[in-house]
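A.B. asks: Under my numbering, residues 176 to 430 are what the sequence shown spells out, in order.
These aren't lab readings, by the way, just hints derived from the structure by calculation. There may be inaccurate statements among the hints.
Only pairs whose alpha carbons sit at most 16 Å apart, straight line, appear in this in silico EDC-like list of lysine to aspartate or glutamate [said to hold, decoys possible]:
#, residue 1, residue 2
1, K423, D362
2, K423, E361
3, K423, D358
4, K423, D353
Pair ranges (Cβ atoms, derived) [claimed, not checked]:
#, residue 1, residue 2, range
5, G185, A285, 23 to 33 Å
6, R212, A285, 15 to 25 Å
7, D377, P336, 15 to 25 Å
8, L286, G415, 37 to 47 Å
9, R212, D419, 16 to 26 Å
10, G374, V331, 12 to 22 Å
11, E225, V274, 27 to 37 Å
12, E183, K407, 22 to 32 Å
13, H389, P268, 20 to 30 Å
14, A186, P268, 22 to 32 Å
15, L428, A182, 35 to 45 Å
Heads up, the beta-carbon is just placed ideally off N, CA and C, and yes, glycines get one too.
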Amino acid sequence: MSALLTAEDGAPVALENADAGSRILLVCEHASRRLPRRMGTLGLSAEALESHIAWDPGALAVCQLLAASLDAMLIYQRFSRLVYDCNRPPDSPGAMPAVSEIFDIPGNAALSAAERLARTEAIYSPFRKGLSDLIKTRVANRRPPVIVTMHSFTPVWHGRPREVEVGILHDSDSRLADAFLADAAEDDAFVTRRNAPYGPQDGVTHTLIEHGIHNGLLNVMIEIRNDLIASKDGQRVLAGYIGDHLGKALMRLEP
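Just need the whole structure built from these sequences, with the hints factored in.
C.D. replies: Here's what the structure looks like:
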């Protein structure tokens with residue numbers, strides 16, 4: 176394994192539906208709240224480690240439903256974003272945050288260069304390489320993937336409620352986001368908005384840039400308000416909503 180991960184921890188990256196027939200490649204960077212054994216609790220309470228600061232609740236479940244319904248491949252990170260946020264480059268302060276919303280992260284305070292490097296090599300590098308290798312293989316086989324990253328967000332941020340329910344995010348390549356939003360404009364089931372509650376200015380499009388835009392691939396980031404996917408029924412409803420509009424969006428782009 177690595178200096179950070181033990182055999183008991185297992186691999187940092189998981190892959191599901193590897194033989195998928197669809198071009199869609201689902202990515203879930205914040206799938207888990209697990210911490211490597213050697214990290215302890217990072218000085219946080221059980222409540223904090225179960226909250227949205229540690230992971231994106233419901234995001235992996237929605238991804239798994241989409242992988243099944245769309246016959247899509249899914250790659251996800253098996254450890255908490257508090258150890259390393261795989262949607263951030265190593266030089267970003269948000270990669271190993273010392274503060275997340277109202278929570279101080281004692282185990283991330285004053286990390287040395289060696290400690291940051293150990294986390295990068297154990298968590299980020301395998302994830303980045305795993306995703307890159309999948310893309311290269313697909314491109315070599317003349318089946319360039321469509322990158323769809325899946326996230327969830329808290330309904331209240333710093334005490335302020337958020338009205339948006341589904342966010343469709345993009346960076347400089349808005350093709351897939353435009354097509355999704357055009358189709359969703361005819362559906363009032365959920366409040367769906369562009370680059371909300373976050374956008375490129377918040378540094379959240381690293382995966383889209385690194386693996387989508389730099390490879391000339393269609394890409395989009397989808398954010399779901401996590402109270403809507405706290406139950407299995409909610410997860411099924413949102414997976415249906417996203418799968419329907421995503422499929423139609425791709426038909427708009429590739430009739």
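A.B. asks: Hint by hint, note whether the structure agrees.
C.D. replies: Hints, one by one, checked against the model:
| no. | hint | verdict |
| --- | --- | --- |
| 1 | K423 x D362 | 12 Å, holds |
| 2 | K423 x E361 | 12 Å, holds |
| 3 | K423 x D358 | 7 Å, holds |
| 4 | K423 x D353 | 12 Å, holds |
| 5 | G185 x A285: 23 to 33 Å | 29 Å, holds |
| 6 | R212 x A285: 15 to 25 Å | 22 Å, holds |
| 7 | D377 x P336: 15 to 25 Å | 18 Å, holds |
| 8 | L286 x G415: 37 to 47 Å | 42 Å, holds |
| 9 | R212 x D419: 16 to 26 Å | 41 Å, violated |
| 10 | G374 x V331: 12 to 22 Å | 19 Å, holds |
| 11 | E225 x V274: 27 to 37 Å | 18 Å, violated |
| 12 | E183 x K407: 22 to 32 Å | 29 Å, holds |
| 13 | H389 x P268: 20 to 30 Å | 22 Å, holds |
| 14 | A186 x P268: 22 to 32 Å | 27 Å, holds |
| 15 | L428 x A182: 35 to 45 Å | 44 Å, holds |
Figure legend: structure checked against the earlier numbered hints; hints not met, in rising order: 9 and 11.
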